[in-house]
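Asks: Everything in the sequence shown is counted per our numbering, starting at 4 for the first residue and increasing by one.
Check the hints yourself; a few may be wrong.
Unchecked claim - Straight-line distance between alpha carbons at most 25 Å, and here's what the computed DSS-like set of lysine-lysine pairs gives: (1) LYS28 / LYS88; (2) LYS126 / LYS109; (3) LYS155 / LYS109; (4) LYS88 / LYS109; (5) LYS123 / LYS192; (6) LYS88 / LYS126.
Hints are computed from structural coordinates only; laboratory data are not their basis.
In this text the structure is predicted, and so the values were computed from the model without any measurement.
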Amino acid sequence: MTKQKLIFVTSNKHKIIAAESAFRKRGLGLDVRAIDIDEIQHHDPIEITKAKVRSVYDLINQPVIVHDSNWAIPALNGFPGGYMKDVIGWFESEDFLNLIRGKEDKSINLIDTVAYFDGKVLKTFSEKQDLEFIEEPRGRGVFTLDPVVKHKNEDKTIAEMYDLHKAGDEAAKNRVFQVWKGFLDWYDKSILVKE
């Protein structure tokens, strides 16, 4: 039996690399498509992801997956949360540092969510990573937060980890791929078994 390729909607090259690697390890194919979807405004990032995967399904009428990331700063009551897409376009790295300057809690959470929808089954999988702000930006990164946050108990910022990832560092790659594990485990057991 030939396994059907799943449609993954994104234009983010880092998300594509991570997903393709995770799928390849499972022997699954991935059909990447860049489809621009207007995101709803909502304080809950999971609701944004669910609305996005439903919207994409309505356009293509085929099983689809999406991957969203959001950041939550506990000292700022979870800001920017569901508003991350807009805030990341407005703020520079230094703006984020200014927001937490003087705050005792310098932690920030990165929540990655993968959502699947086939017209009947809508399933989400999330992974939270605990990070913290540093004092000065290091590295270039993809987004303005990348140079100013790092995983707790590590020295490198997200931006510096992207550089290692590009250089082939396996530890950096594995951190990026972890968000896919829950989805792929479920997909193998729940969907592929039925086909």
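Asks: Could you run down the list of hints and mark each one as holding or not?
Replies: Here is how each hint holds up against the structure:
1. LYS28 / LYS88: 30 Å, violated
2. LYS126 / LYS109: Not OK: LYS126 and LYS109 at ~32 Å, beyond 25 Å, violated.
3. LYS155 / LYS109: Measuring from Cα to Cα gives roughly 11 Å; hence the hint holds.
4. LYS88 / LYS109: 21 Å, holds
5. LYS123 / LYS192: 17 Å, holds
6. LYS88 / LYS126: Since the Cα atoms of LYS88 and LYS126 sit roughly 22 Å apart, the hinted pair holds (cutoff 25 Å).
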